[in-house]
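Since the structure of chain L is already known, use the hints to place chain E on it.
Here's the letter readout for the chains.
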Amino acid sequence: MKVVEIKNLTVEYPGVRALDNVSFSIEQNDFLGIIGPNGAGKSTLFSCMLGLYTQYSGSIHFFGQNIHDSKKYLRDVGYVPQKPIFEKNFPATVREIVRMGLRQKSNEKRVDEVLQDVWIHELSHKRIGELSVGQQQRVFIAKALVGDPKILILDEPVTGIDAQSTELFYGILRELNKKQNITIIWASHDLDAVNRLANKVACLDRTLFFHGVSDEFFSNEELVKKYSESSMQKHMHNHVES
Amino acid sequence: MTLEIFSYGFMQRALVSGIAIALLCSVVGLFLVLRRYSLFGDAVAHSSFGGIAAGLLIGIYPMWTAYVVSLISALVITRIKQKFDISGEASVAILLSSGIAVGLILISLSGGFNVDILSFLFGSILLVSVEDTILILGLTGVILIIILLLYRELIYSTFNEEQAKVSGIPVEKINYLIVFIAGITVVTSIQLVGILLISALFVIPNVTAIMYGRSFKQTALLSIAFAVSSVIVGILISYLFDITPSGAIVMLSIAIFAATIGLKWIGLIDSSKMHLKKLSLSNHFI
Numbered sequence: 001m002k003v004v005e006i007k008n009l010t011v012e013y014p015g016v017r018a019l020d021n022v023s024f025s026i027e028q029n030d031f032l033g034i035i036g037p038n039g040a041g042k043s044t045l046f047s048c049m050l051g052l053y054t055q056y057s058g059s060i061h062f063f064g065q066n067i068h069d070s071k072k073y074l075r076d077v078g079y080v081p082q083k084p085i086f087e088k089n090f091p092a093t094v095r096e097i098v099r100m101g102l103r104q105k106s107n108e109k110r111v112d113e114v115l116q117d118v119w120i121h122e123l124s125h126k127r128i129g130e131l132s133v134g135q136q137q138r139v140f141i142a143k144a145l146v147g148d149p150k151i152l153i154l155d156e157p158v159t160g161i162d163a164q165s166t167e168l169f170y171g172i173l174r175e176l177n178k179k180q181n182i183t184i185i186w187a188s189h190d191l192d193a194v195n196r197l198a199n200k201v202a203c204l205d206r207t208l209f210f211h212g213v214s215d216e217f218f219s220n221e222e223l224v225k226k227y228s229e230s231s232m233q234k235h236m237h238n239h240v241e242s
Numbered sequence: 001m002t003l004e005i006f007s008y009g010f011m012q013r014a015l016v017s018g019i020a021i022a023l024l025c026s027v028v029g030l031f032l033v034l035r036r037y038s039l040f041g042d043a044v045a046h047s048s049f050g051g052i053a054a055g056l057l058i059g060i061y062p063m064w065t066a067y068v069v070s071l072i073s074a075l076v077i078t079r080i081k082q083k084f085d086i087s088g089e090a091s092v093a094i095l096l097s098s099g100i101a102v103g104l105i106l107i108s109l110s111g112g113f114n115v116d117i118l119s120f121l122f123g124s125i126l127l128v129s130v131e132d133t134i135l136i137l138g139l140t141g142v143i144l145i146i147i148l149l150l151y152r153e154l155i156y157s158t159f160n161e162e163q164a165k166v167s168g169i170p171v172e173k174i175n176y177l178i179v180f181i182a183g184i185t186v187v188t189s190i191q192l193v194g195i196l197l198i199s200a201l202f203v204i205p206n207v208t209a210i211m212y213g214r215s216f217k218q219t220a221l222l223s224i225a226f227a228v229s230s231v232i233v234g235i236l237i238s239y240l241f242d243i244t245p246s247g248a249i250v251m252l253s254i255a256i257f258a259a260t261i262g263l264k265w266i267g268l269i270d271s272s273k274m275h276l277k278k279l280s281l282s283n284h285f286i
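Protein chains in written order, with this note's numbering: chain L, 1 to 242; chain E, 1 to 286.
Pulled out of the complex, with its shape left as it was, chain E reads as follows:
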């Protein structure tokens, strides 16, 4: 590998955007995973597919329509879950399939799949523009500041809603805030790994970090480290071996997760800190 890679503008933008997205996804994802909202990211990403298709059909920058549709979907699903007696899992399924269905109808109206749609489905971090990079950095900064300012409220309501309420924390507002932040994060992250792999960014680094971390801060930092290293190495590997970055990034996350399982298997991780039964990927439905 030569340092020449880093002299390319597209590579610099990909790395800067990728690191920002990894940071954002791991921090926001930790709250989602601990709230058993892991598939929420998937549902919102799939609903954004309808928004992207609508944007492409009417000639508006698809990310804007994706933000609007995803945020509306995220808030609607939260409201439905609160108001009616429909399980989170079922609401996710409804949202997920409606997003794809609307997207497919709009795509067929606009003449079928094209390169633009495929880049949103599978990610296109190497094609990210200067404007996109600025947007990603701006959103990352704003969301991280919000999380830092409301750290106690977020962690407390994630730990136990009832006790947080009794301590005077406006839990319902915090829940909407989490959903809102997660919606923005999902759409922002689509450019990195695409709609189909989005939940991997939220879930895998966090599930891995929870196996090591003792404190919340330690777990968050480990998750950031796993996510950021997967993104950097994934982007470099994808360039060197000419493979898709999204696949490389997610496979690296999975490799770290698998290595952690291996370490546990041979007894190198304190078993009192292993949490696979509760936090397995398959259990993480809303």
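This is chain L alone, in the form it adopts within the complex:
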């Protein structure tokens, strides 16, 4: 069953086409890794999918409904940004932050469950700003999960996180996908991790370079090489442009 369907998605920013005619779909319970170099359009794609950017052509359907028509789909979507921007000294505990994601007014039992699921229960009374970046990201996963989403969207969530925390984070994602049947859409630079975790891969380079089964992509050396070269060229191009 398709839970997300993107058709001919094109986004033009002044002087640059950020996404060019991108089409693909995501099945229920997929673990989709979206890979691509900086500037490939991953964050733009997520902004469109989350309704944060609406000036695009093409269409995006969640659960069969065009997201232009209703924002109700967001109830079933959890989102973990690359690096959440918040006032460092915001006076809120981990529990209070997680509680923000609740759809019902009060469900402390559910808050406890997700805090345990992401291994931060013992930190629940700490102020959010006192945590490491890795711990903060687990808090934001918990916040996304507490509303019982069917789809979890993560935008390069392990940027700036140490290796041990990254592995813990990946373990949590695997559990959520396998045991709680949550569809995961995950943007990453880490090809090795995508190879290990994702069952589907979408290679983005402003256009969609490849979309399909993960093994098909990673077992095809020619495809990986072609993608790496393209990414390198793009990286160099971006570097020169900047």
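There may be inaccurate statements among the hints.
Once the Cα atoms are required to be at most 35 Å apart in a straight line, the calculated DSBU-like pairs of lysine-lysine come out as [unchecked claim]:
1. L/K7 to E/K165
2. L/K72 to E/K83
3. E/K173 to E/K81
4. E/K217 to L/K71
5. E/K217 to L/K126
6. L/K88 to L/K71
7. L/K83 to L/K179
8. E/K83 to L/K109
9. L/K7 to E/K173
10. L/K226 to L/K2
By construction, these hints were calculated from the structure, which means they are not laboratory data.
Okay, now just chain E, sitting in the frame of chain L:
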């Protein structure tokens, strides 16, 4: 001090109104401070000066015209900030100076400064009427109920607008609501400390509370405690020593803030909970 003070009607009204305003300002102010809207209160208060002057000139109760002008100004400044590429700081400066300029022109047309205008500039809580007290209590009740009902939406959109949007919270509407509530709170509070000291009520108890509080609720309760105690003690001191209540109230808030800094200085407050760099008063422009 004798209990006789509390038997006077004007003192009872001053204390009841003062406590209600302190409660309101600390709760609304916490959202403003965390959104870096601290000087918003100042800007709206100054714009209300034009409204007060207009009311006095045309013979309408000045608080009503102040409410109208302040709310329009608050909504206009928010719209300008959203629509055009003008920084919040600059929009505050524009609003602040236009309010004062309009007020000065209207005052000069009406024959210059008088006692009424001065009481709005510096506050006149001891002169608050029964009707004013009822209005203050009513507005405080309504605003606190709105905040309680929309607590999750308010705290979430204050914490991170983008994530709140993704969670389906109508962030733009919430932003307008905050501005609307803040506008009403500012004008209501003018009677306590006056236009010139209004932002002190919004900012100082909250900046102090943030240094102690771990959770949002704890911080809000501490801020209320600091604000309410400053108001009660300030009003009593002003009566006993015959000084202006607004000055006494604000100076007490500053004393609590200074004591907190002192406690930090000697290491009695956990440094991991100190937040002065980010939340210093001078950094709080919109």
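Pair hint outcome, E/K217 versus L/K71 [Cα-Cα no greater than 35 Å] = Distance of about 30 Å is within 35 Å: holds.
Mind checking the alpha carbons of E/K217 and L/K126 for me, to see if they're no more than 35 Å apart?
-> OK: E/K217 and L/K126 at ~14 Å, within 35 Å.
Between E/K83 and L/K109, is the straight-line Cα distance small enough, at 35 Å or below?
-> violated (43 Å)
Regarding the pair L/K7 and E/K173, is the alpha-carbon distance no greater than 35 Å?
-> With Cα atoms ~31 Å apart, L/K7 and E/K173 stay inside 35 Å; holds.
Satisfaction of hint between E/K83 and L/K72, Cα-Cα up to 35 Å | holds (27 Å)
Are E/K173 and E/K81 close enough, with their CA atoms no more than 35 Å apart?
-> holds (15 Å)
Given the proposed pairing of L/K226 with L/K2, does the C-alpha separation stay at or below 35 Å?
-> holds (29 Å)
Restraint check for L/K7 with E/K165, where alpha carbons must lie at most 35 Å apart | holds (24 Å)
Hey, L/K88 versus L/K71, does the alpha-carbon distance stay inside 35 Å?
-> Distance ~30 Å between L/K88 and L/K71 Cα, so the pair holds.
Measure nothing beyond the straight line between the CA atoms of L/K83 and L/K179; if it is 35 Å or shorter, mark the hint as holding.
-> Since the Cα atoms of L/K83 and L/K179 sit roughly 26 Å apart, the hinted pair holds (cutoff 35 Å).
Checked against the numbered hints given earlier, this structure breaks only hint 8.
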